[in-house]
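Chemist: Okay, here's what each chain looks like letter by letter:
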Amino acid sequence: MIDLLWLVIALPLGGAAFLHFFGRYVREPLSGWLASAAIGTAFFIAAIAAVPFFQGEAEPSTIPIWEWMPALGANFELLWDPLAALMTLVVTGVGTLIHVFAIGYMHGDERFHRFFTNLNLFAASMLTLVLAGNYAMLFLGWELVGLCSYLLIGFWHTRPTAAAAAKKAFVVNRIGDLGFMIGLMVVFATFSTFSYSGIFERAGEELTGGLATAIGLLFLVGAAGKSAQIPLYVWLPDAMEGPTPVSALIHAATMVTAGVYVIARSAPIYEFTPFASTVVASVGALTAIWAASIALAQRDIKKVLAYSTISQLGFMFLAVGATAYVAGIFHLMTHAFFKALLFLGAGSVIHAMSDEQDMHRMGGLFRKMPVTAVTMAIGALALAGIPPLAGFWSKDEILAADFARGGWFYFLWIIGLITALLTAFYITRLWVLVFLGEPRWEEKAHPHESPRVMTLPLIALAALSFVGGLVNTPFRLTLEHFLEPSFEGVHIQHATDDWLTLAILAGLSILAAAAGAGAGYLAYRRPPERWRRFEDSFEPLWGTWEQAYGVDDLYGLTLVTPGRRLAEAAAFSFDAGVVDGAVNGVGRVVRGMGDWIRPLQTGFVRNYGVLFLAGAVVVVAWLVAGGS
Amino acid sequence: MVDVGWYMALAAALFLIGALGMLLRRNALVMFMCIELMLNAVNLTLISAGRALNDLDGQVAVFFILVVAAAEVVVGLAIIVAIFRRRATASVDELSELRG
Amino acid sequence: MLTALVLLPVVAAIVVMLVPGGRREVHLPLGIALSIFPLALAGYLFWVFEPAAGFQYVDRVTWYEPWGIDWHLGVDGISLPMVVLTTLLVPIALAASTSIDRRIKEFVVYTLFLEAGLIGAFLSLDLFLFFVFFEAMLIPMYFIIGIWGSERRIYAAMKFLIYTAFGSALMLAAIIGLALTHVDQTGSASFALSDLAALDLSVGAERLFFAAFAIAFAIKVPLFPFHTWLPDAHVEAPTAGSVLLAAVLLKLGTYGLLRFNMALFPEASVDAIPIMAILAVIGIIYGAVVAIVQPDLKKLVAYSSVSHLGFIVLGTFALTSGGLQGAVIQNVNHGLTTGALFLLVGMIYDRRHTKKIADFGGLQKTVPLLAGFFLFMTFASIGLPGLNGFIGEFLVLMGSFPALPSLTVIAALGVVLAAIYLLWAYERVFTGVPDKDENKALSDLSAREIALLAPLAALIVVIGIYPGLLLDKITPSTEAVIDHVVEQTDFVVPEPGRIADVHVAGDEG
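Chains as they are written, first to last, in our numbering: chain A, 1 to 628; chain B, 629 to 728; chain C, 729 to 1237.
One chain only, chain A, in its complex shape (with noise of 0.2 Å):
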C-alpha cells in the first residue's frame, strides 16, 4: 500500500484539477460529490497503508518521487510514519466529513464547483504538508495552503471585506513564513540538506552554540503565523469572511495546526533548545488566556468560535512547549473533531437563519434544529473539557504534563487552568445563547433543520467527539505507543506516574470546566436584559474583549499606516524626485551647457567660415613656428 501513497495526494490534486477545467460541465451536487469521493478514497488508501503502525510492526519509511533542487537537497519524497500517518487520517477524514456537510451548505452557489476544486486542492496541498519528507517539500505545501486559504477565504470575491481578509490572512502569514525561511536558511546552513532524517541523525552534533534556539524561534515564528498565535494571530478572526465549511476544514481542523506539526515534527531540534521549547510554551499559554478572553464577549457566532480556534492552538503550543509532544498531537486530533463540528453546527445555524450571525438575534433554536443542536451541545462538551468526552482527556493530559515539568511551567499550568474555565463559559455562553431562551430573530426567518447531507456530518463528528479522546487515556497510552517511532530519541514530557497527583489535577480541570460551563449556563439561561446587564456589570473589561483588546487598530496604527506612509514617501519623493531627480538633473545640465555654447551656431556660412580660416591660420603659424 506504501507503493501507492503518492494517490493520497494524487486524488485530491486529481480532482482539483479535473473540477478546474471541466467543472463547469458537471451539475451542481456531482462535482461536490466527486471531490468528496477523491478525498474519502485518500482516506481509504491512507488507513490501509497505516495499518502496520497500528499493529506496532512498522519503520518510518521514505518514498522518493522526484528530484525537485537537488542542489538545496529538496527533492519530492513523502514520509511515512506514525505522525504523518495520524495527521493524513485527521485530514482525509474530517476533511471527507467537511466536504460532504459543503455540498449541502454550499447548495444554490453559481461558483458551487469551483469551490470544491479549491477545496480539493487545499485537501492535497495540506497532504504535501503533512506527507512532506523534507522541510522544502513541507515548505510547498505550507504555501499552497496558504494560497487555499487566500482563494477559500475570499470565495465570496465581491464582498471587500472577504477580498480584504483574504489578503490580510495571506500577507500576515507571509510574515510568518519569513521567519520560517530564514529558519530554513540556518537550517541548510548547517546541514547543507532538508532532509528530516539526514538532519536530526545529525542533531546532535551540528546544533552548537545558539544553532538550535536560533532555529527553534525562527521556526516559531513561523508557526505562529500559520497557527495564528500571538503576534501574528489577527488574521484568523477575519477569515470567518470565508463559507463556514472552510472555517471548519482550514481554520479549525487542520491548515491552522500546521504550526503544532511543525514544532512536533522538529523535535528533534527542539530537543536541544529548551528554552527555545519555554518560548513555544509562554506563547501557546499566553495567547490561549488571551483569546479566551476575547472569546467570552463576542457576538458573531463564528467569532467565538475563531477566538476559541486560536486559544485551543494556544493549548497545543502549551503541549509541544513542552516536550509534550503526544498530548499536543492528541488535542490537535480531538480539536479538529469538536472544533469541525462546533464550526458545522454554526454554519447549519446560520444556514437555517439565512445568513444571520449575530447571536443576539438567534436564540430558542433548540426546537427548530434539534440534530444541529444535540450535537453541537457535544461538541461544547468536549471543548470545555468535561469528561469523558474527547476534549477532557487531551487538555488534561497537556495541563499534567506542564504540571509535571514544574518551575516555570506551573504558572503556566495555572494559565491553562484559567483558560479551561473560560472556555467552558464562553461555550455554554454560546450554545445557550443560540439554542435555548426565547427566539429573538424576526418572524420571517423561518428556521430550519439543515438537509441530511449536512447533519449527517455533524452526528458522525459528534460521535468521534464523544469517543475520540479514549484513544490515549492515562489508563490505556494507545495514541502514545502508536506514536513512537515518530519520536525516537526525543525526550517526551509525561503526566506523573502517580496516580493521586493525576486525580487531584484532573479534578481541579473538571471543576475548572464544570464552574465554567455552570456559570455561562446560569448566566445565560436568564432573559436578554438580565444577561446584558450581566455583561455590562464588568465594563470596561467586556467592552476591551469585545473590541478584542483593539489589536488591529494598534497594528493599523503603529504598522500599517507608517508603513504605507514610507512607501509613499519612497516612491513619490524620494524616487521621482532625488533618484530620478538627479537622472533628469544630469540631463538638464548637459542641455544647459549646450545651451551656453549654441550661439556658436548663427546660421551664417560666413561666420562658420572666418572659423574655418582662423583655426586655418592658428594651425599653419603653429606649424610654421617649427611647434613640436
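Read the hints as simulated data drawn from the structure, not as lab findings. Do not take every clue at face value.
Calculated lysine-lysine pairs in the DSBU-like style (CA-CA distance at most 35 Å, straight line) [stated by the list, open to error]:
1. Lys444/A <-> Lys1168/C
2. Lys368/A <-> Lys444/A
3. Lys444/A <-> Lys833/C
4. Lys1168/C <-> Lys1093/C
5. Lys1093/C <-> Lys1164/C
Following the hints, put chains B and C in place on chain A, whose structure we already have.
Modeler: Below, chains B and C without anything else, positioned relative to chain A:
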C-alpha cells in the same frame, strides 16, 4: 623653366580670391564657384610641388581631389537648385535653419 | 545552427518588409508565422543540448582579421534558457499586438530585428560582436517605444536610449581597453571572450574595467539607483514592448554580469561582492516598497521587476551553486511571469483604455478568466511553491545565505512585500462589486488571448514542479563559472555552497 615660387604665388592669389569670395558673397552659386577656385588653387600647389620635387604623389592626390570635387559639384549643385526651386532665392543669409 | 538562429529573424523581417505596405491583415500574421521558425529551432537546440560545461555548437568565422574580430557564437547552459525564452516570447508578444492600428508592418519588422539582436547578444562569444548586438537591439526598442507608445513616449524612449547608451559607452571603452591589453601582452589582437579572460590584468585595471562593465549591465538590469528609466519605459511602451523589455532585455544585464564580469574579472568580481549584493538587496526592498503605492498597474509591475531582478543579482554574486542556479533559472521565471503580467495588463488596457488601479474594481465578476490568469501570475510572481518563481527565489535565498547571511535575511523581506503589493493591487482591481459602469460590460478573454497565456502558465507550473528540466542543463555551466572564479582567485566558496558538498536525498534510502 619658371621658378616654382611663381606657381605658388599664383595659387595663393587664387586661394585668396576664393576665400574672400566665399566670405563676402551671398549668392550660393557664386560661393560655390569660389570653393572650386580654392580647390584648384590647392591642386595647383600640389602639382607644382610634385613636379619640383620629382614626386608623383602630388599628382595622384590631385586626381583624387578632382574626382571628389566633381562628385561634390554634382551633389552641391543639385542641393542649390533644389533650394532655389523651393525658396526662390540663393542667398545664404536667408538659409539659416541650423542656427543654434 | 546558431548562426541560423540569429539570421532567421532577420530573414523574417526582410520577408515582412518585402510584402507591399498597407495590407495590415497580412503583416502581423506573417510576422507571427515567421517567428515560429526561430522558436522551433531554439526548441530543437534545447532538445539536443548536452548538459556539460563549455560552449556548444560554436560557429566561428573571421570577420576582421587585423583586429581579431570574429563572428563567434556558442551556447552554454546560461545562454540556452535565455535564447529559448526570447524565441518563445516574440511570437506571443507579436500576437498580443492586434490593437496596434498604425504602421503595423514597421512594428513587426522592428520586433523581429529586436529578436535577432537579442539572440545574437546572448550567443556572442566575441566581445566586439556582443557589443554590436547589444547596441543594435536598442534601435528597434527605441522605435517601438517612441512610435507606438502612449503619451510621454518620446521622453521615455529618449531616456531609455540615452541611459543605456551611456552604459554602453563605458563598456565599449573597457572592451577596447581589454583588446589593447591583449595586444600588449600577446602581440596579436583578439576580442574573443576566452582570450580576454586569460589576460593578466593589474588590480587597478581589472577594477576599472569591471566597473565599466558593471555599470553598463547595472543600468540594464536595472540595479538601484540606475532604475528610473524602467518605469517610464514600461509605462509608455506598447504591450509587446513591455513584454520583451521586461522578459528579455533586462536579462541582458543579469546575463552580462554573469557571463562577462565573472569570466573577465574574477578578482574584481570577488572584491565587488559586497557592493553588488548591497545594491541588489536595496533594489529588492526598495523596488517592492515603491511598488506598493504605485497608482498605475504597469508601473507597479515595472517596480516589481526592479525587486525581482535584485534576487538574480544577489544570487549571482553569492557565487554558490544554489545562488547561481537560482539566478539563471530566475532569469527565465521572471521572463515568464512578468511577461505574462504585462500581457494581462495590456489585455485590460485594450478593454478599458486605462491602467490606473483606481479606475477598476470588481473585475473578477465581469472577466473571471482574466482575473484567474492574473491571480495565477500574481502568485507565480510572489513565489508560491509549486510555481516557478519559488524555485528561483528559494535557490537564491538558500544559496546566498551561507555567503551573505545578513543581506540574505533582509532580501527575504522582499518576499513578504511582494505579497503585499501584488495582492493589494489584485484586491483593488478585481474584487468587490463592479461599481463603475465602464467595468460592468467588459468581455472576458478571447480564445486568442487564452492561447497566448496558456503556454506561459503551463511552463510556470512545469518549471515549478520539475525544475530539473532546466536545472540539468544550467548546472554544469554555473559550476564552471564558480570553478573559474575559484581557480583565478583565492575565493573560497562558503560551506555549504557547492553541489559536491550537498547531500543528495537519494543516498539515504
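Chemist: Take a quick look at whether Lys1093/C and Lys1164/C sit within 35 Å of each other, Cα to Cα.
Modeler: OK: Lys1093/C and Lys1164/C at ~12 Å, within 35 Å.
Chemist: Are Lys444/A and Lys833/C close enough, with their CA atoms no more than 35 Å apart?
Modeler: violated, 67 Å
Chemist: Within a Cα-Cα threshold of 35 Å, do Lys368/A and Lys444/A meet the stated pairing?
Modeler: Since the Cα atoms of Lys368/A and Lys444/A sit roughly 14 Å apart, the hinted pair holds (cutoff 35 Å).
Chemist: Holds or violated: Lys1168/C with Lys1093/C, Cα cutoff 35 Å?
Modeler: holds, 8 Å
Chemist: Hey, Lys444/A versus Lys1168/C, does the alpha-carbon distance stay inside 35 Å?
Modeler: holds, 34 Å
Of the numbered hints listed earlier, the single one contradicted by the structure is hint 3.
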